[in-house]
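A.B. asks: Listed below, chain by chain, are the residues.
2 protein chains.
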Amino acid sequence: MTKVHNFSAGPSILPQEAIQACVEGIQNFSGTGLSLLEVSHRGKEFVRVVEETQATIKELMDIPEGYEILFLGGGASMQFLMVAYNLLENKGAYLKTGVWAANAVKEAKLFGTVDVVASSEDANYNYIPKNYVIPTDADYFHCTSNNTIYGSQMQSFPESPVTMVCDMSSDILSRPVDVSKFGLIYAGAQKNMGPAGVTVVIVKKDILGKVTRQIPSMMNYAVHIKSETMFNTPPVFPIFAMLQNLKWVKKVGGVAEMQRRAEERANLLYNEIDQNPLFVGTVAFEDRSKMNVCFLLNDTSLEEKFNAAWKAAGISGIVGHRSVGGYRASMYNALPMESVEALVNVMRTFNS
Amino acid sequence: MTKVHNFSAGPSILPQEAIQACVEGIQNFSGTGLSLLEVSHRGKEFVRVVEETQATIKELMDIPEGYEILFLGGGASMQFLMVAYNLLENKGAYLKTGVWAANAVKEAKLFGTVDVVASSEDANYNYIPKNYVIPTDADYFHCTSNNTIYGSQMQSFPESPVTMVCDMSSDILSRPVDVSKFGLIYAGAQKNMGPAGVTVVIVKKDILGKVTRQIPSMMNYAVHIKSETMFNTPPVFPIFAMLQNLKWVKKVGGVAEMQRRAEERANLLYNEIDQNPLFVGTVAFEDRSKMNVCFLLNDTSLEEKFNAAWKAAGISGIVGHRSVGGYRASMYNALPMESVEALVNVMRTFNS
Numbered sequence: 001m002t003k004v005h006n007f008s009a010g011p012s013i014l015p016q017e018a019i020q021a022c023v024e025g026i027q028n029f030s031g032t033g034l035s036l037l038e039v040s041h042r043g044k045e046f047v048r049v050v051e052e053t054q055a056t057i058k059e060l061m062d063i064p065e066g067y068e069i070l071f072l073g074g075g076a077s078m079q080f081l082m083v084a085y086n087l088l089e090n091k092g093a094y095l096k097t098g099v100w101a102a103n104a105v106k107e108a109k110l111f112g113t114v115d116v117v118a119s120s121e122d123a124n125y126n127y128i129p130k131n132y133v134i135p136t137d138a139d140y141f142h143c144t145s146n147n148t149i150y151g152s153q154m155q156s157f158p159e160s161p162v163t164m165v166c167d168m169s170s171d172i173l174s175r176p177v178d179v180s181k182f183g184l185i186y187a188g189a190q191k192n193m194g195p196a197g198v199t200v201v202i203v204k205k206d207i208l209g210k211v212t213r214q215i216p217s218m219m220n221y222a223v224h225i226k227s228e229t230m231f232n233t234p235p236v237f238p239i240f241a242m243l244q245n246l247k248w249v250k251k252v253g254g255v256a257e258m259q260r261r262a263e264e265r266a267n268l269l270y271n272e273i274d275q276n277p278l279f280v281g282t283v284a285f286e287d288r289s290k291m292n293v294c295f296l297l298n299d300t301s302l303e304e305k306f307n308a309a310w311k312a313a314g315i316s317g318i319v320g321h322r323s324v325g326g327y328r329a330s331m332y333n334a335l336p337m338e339s340v341e342a343l344v345n346v347m348r349t350f351n352s
Numbered sequence: 001m002t003k004v005h006n007f008s009a010g011p012s013i014l015p016q017e018a019i020q021a022c023v024e025g026i027q028n029f030s031g032t033g034l035s036l037l038e039v040s041h042r043g044k045e046f047v048r049v050v051e052e053t054q055a056t057i058k059e060l061m062d063i064p065e066g067y068e069i070l071f072l073g074g075g076a077s078m079q080f081l082m083v084a085y086n087l088l089e090n091k092g093a094y095l096k097t098g099v100w101a102a103n104a105v106k107e108a109k110l111f112g113t114v115d116v117v118a119s120s121e122d123a124n125y126n127y128i129p130k131n132y133v134i135p136t137d138a139d140y141f142h143c144t145s146n147n148t149i150y151g152s153q154m155q156s157f158p159e160s161p162v163t164m165v166c167d168m169s170s171d172i173l174s175r176p177v178d179v180s181k182f183g184l185i186y187a188g189a190q191k192n193m194g195p196a197g198v199t200v201v202i203v204k205k206d207i208l209g210k211v212t213r214q215i216p217s218m219m220n221y222a223v224h225i226k227s228e229t230m231f232n233t234p235p236v237f238p239i240f241a242m243l244q245n246l247k248w249v250k251k252v253g254g255v256a257e258m259q260r261r262a263e264e265r266a267n268l269l270y271n272e273i274d275q276n277p278l279f280v281g282t283v284a285f286e287d288r289s290k291m292n293v294c295f296l297l298n299d300t301s302l303e304e305k306f307n308a309a310w311k312a313a314g315i316s317g318i319v320g321h322r323s324v325g326g327y328r329a330s331m332y333n334a335l336p337m338e339s340v341e342a343l344v345n346v347m348r349t350f351n352s
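Keeping their order, the protein sequence lines are chains F and Y.
Under my numbering, the residues of the first sequence are numbered 1 to 352, in order.
Under my numbering, the residues of the second sequence are numbered 1 to 352, in order.
One thing to keep in mind: the hints can contain errors.
Identical copies go unnamed one by one, so any copy, or any two together, can satisfy a pair.
As the list claims (entries may be wrong) - When the alpha-carbon atoms are kept at most 27 angstroms apart in a straight line, the in silico BS3-like pairs for lysine-lysine are as follows: (1) Lys3 with Lys250; (2) Lys109 with Lys210; (3) Lys205 with Lys3; (4) Lys44 with Lys305; (5) Lys205 with Lys106; (6) Lys106 with Lys210; (7) Lys205 with Lys311; (8) Lys3 with Lys44; (9) Lys226 with Lys130; (10) Lys247 with Lys91; (11) Lys181 with Lys226; (12) Lys226 with Lys106; (13) Lys226 with Lys44; (14) Lys247 with Lys181; (15) Lys109 with Lys251; (16) Lys305 with Lys130.
Bear in mind the hints are in silico, worked out from the structure with no lab data behind them.
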């Protein structure tokens, strides 16, 4: 079978050795003679998996004391709601940089006032707003570090006068981040962390307990913290699979190496886009994402022929989101350089 | 390696062929050349998995027209909240038969009045209340068909004058149920349906849209229905694994055969408990669960010796929940008779 170059936007490529470790866990988990799929989540073997996953994230992201790590179901979309439930007393400040940020705004409005400090909606979210002011009377400031659909990325984070909350679903673990600047970071696992089915929440304990509303148990970060992220049955397999991926990240060099690889991949592809007269990038130069590279054919009548060319090269998953069109190459942590080289080779030799 | 007899309360035993199909899906999903863990949830291969899972549940449970099937994250505990969010306008009626039912009551109280129509809390939930009256002015009546911790089970359902909602997490697919009597059925998958990480919701569409509150998107059944259970990234692997298990249920004879097997297992074990002077059941005879069989040693000083005996026989997971003590043998759909025979054999030969 031809090798598939997997540029899927998420769920997305995982390292082969993590996939193999999942197979082994499903066949015989931790020497129990049982499948990972049929053991109690409260058994010592799985409790150890949860603890090791937390410890590995702490180590990889250099998370300071005072933060807790939760593994929740429901996806990042559930966090749009939980963030507001737990933190929004009077006013939440939001940076609107894409559809997911807009959804976060929408859910928060059910809980209080939302102040959109800046938005790039006017330009189909093709840039990251700058020079916005975060109101000092907001309960928190919410931003999205990387916008999967549009291919834009915050290259730095503001000095927020209030608790900073960040949806890092699509670029977590791809670059060093100073966690101490954030009160809460969340990420659906299915891009850089693992498979679909679990969302990682990194929360500073002292930001909680400040709203007056009663919070339903499953929405309450404090409840999940108190029960060591086992308030109810957690998504067992997705957590296990995430750990296998995190072990690989650690083994090959951690977040610094992930950053080096991301830059190497992104430089190669953006250089081709910029040098090749057939293609054009869709995002403001300084806001280009190193995870999701969006580009168009200048002559859309060539699409059919170009599509045939990349498909023939074993490339998968580069059709752009319907709201941008064209192409999107998602290049998460596990994507090897040879896949980017394969795509660039198709672009370079196309129609020439 | 000795065969393990897996009596785990959930996550719990799954058929070997479902486990093997999971391994194959992780290695090469549906001929894509990619792992199930790294494909888009919106690709045609996975959309087909979702549709086939829905169709198989419809067929196995003989679900009439007008119902939708959703696959959500967060576990049954999330449903305690979602049921109230979507259905509780003035008053919810609840049957309190265990800790999970009590948790459902607790969450619903945040949304309106809760009328506990009957409770067996006075006797540590060792029976199912009868002859209760469901108020006709309630928005819905909520019950728990099987109480995993206590080993009690509703042998029949009341004629409810209002929409009936049932948490069937621990006995779904173990006996035929007339779905048309229910407005909503939900079940965490990790007992009879599949692995942990997905919750099945079967909801009659016409019970929705009757509350005046604004419902957050992720809490809103109508939103999930409209997006064909893909409002956001679903728990991909747990859904796939569930389908493999459902295919096995269908192949071996469907729900009727699951019921026959459950009765055969339960009869064997309860007969031993009743005939053996060393043991005593903890639940009212007529309310005994065919899924979770709870029993005590009459002489607790024998516990250490009995524990050694069943462990030596390769039996796993029969330590009772801390709130009941003693022993609990959970006997879900995939548990073979030979495992029950192994346990009964240990009991029969113990100390004799």
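A.B. asks: Against the earlier hints, flag every one the structure doesn't satisfy and list their numbers going up.
C.D. replies: 3, 7, 9, 10, 15 and 16
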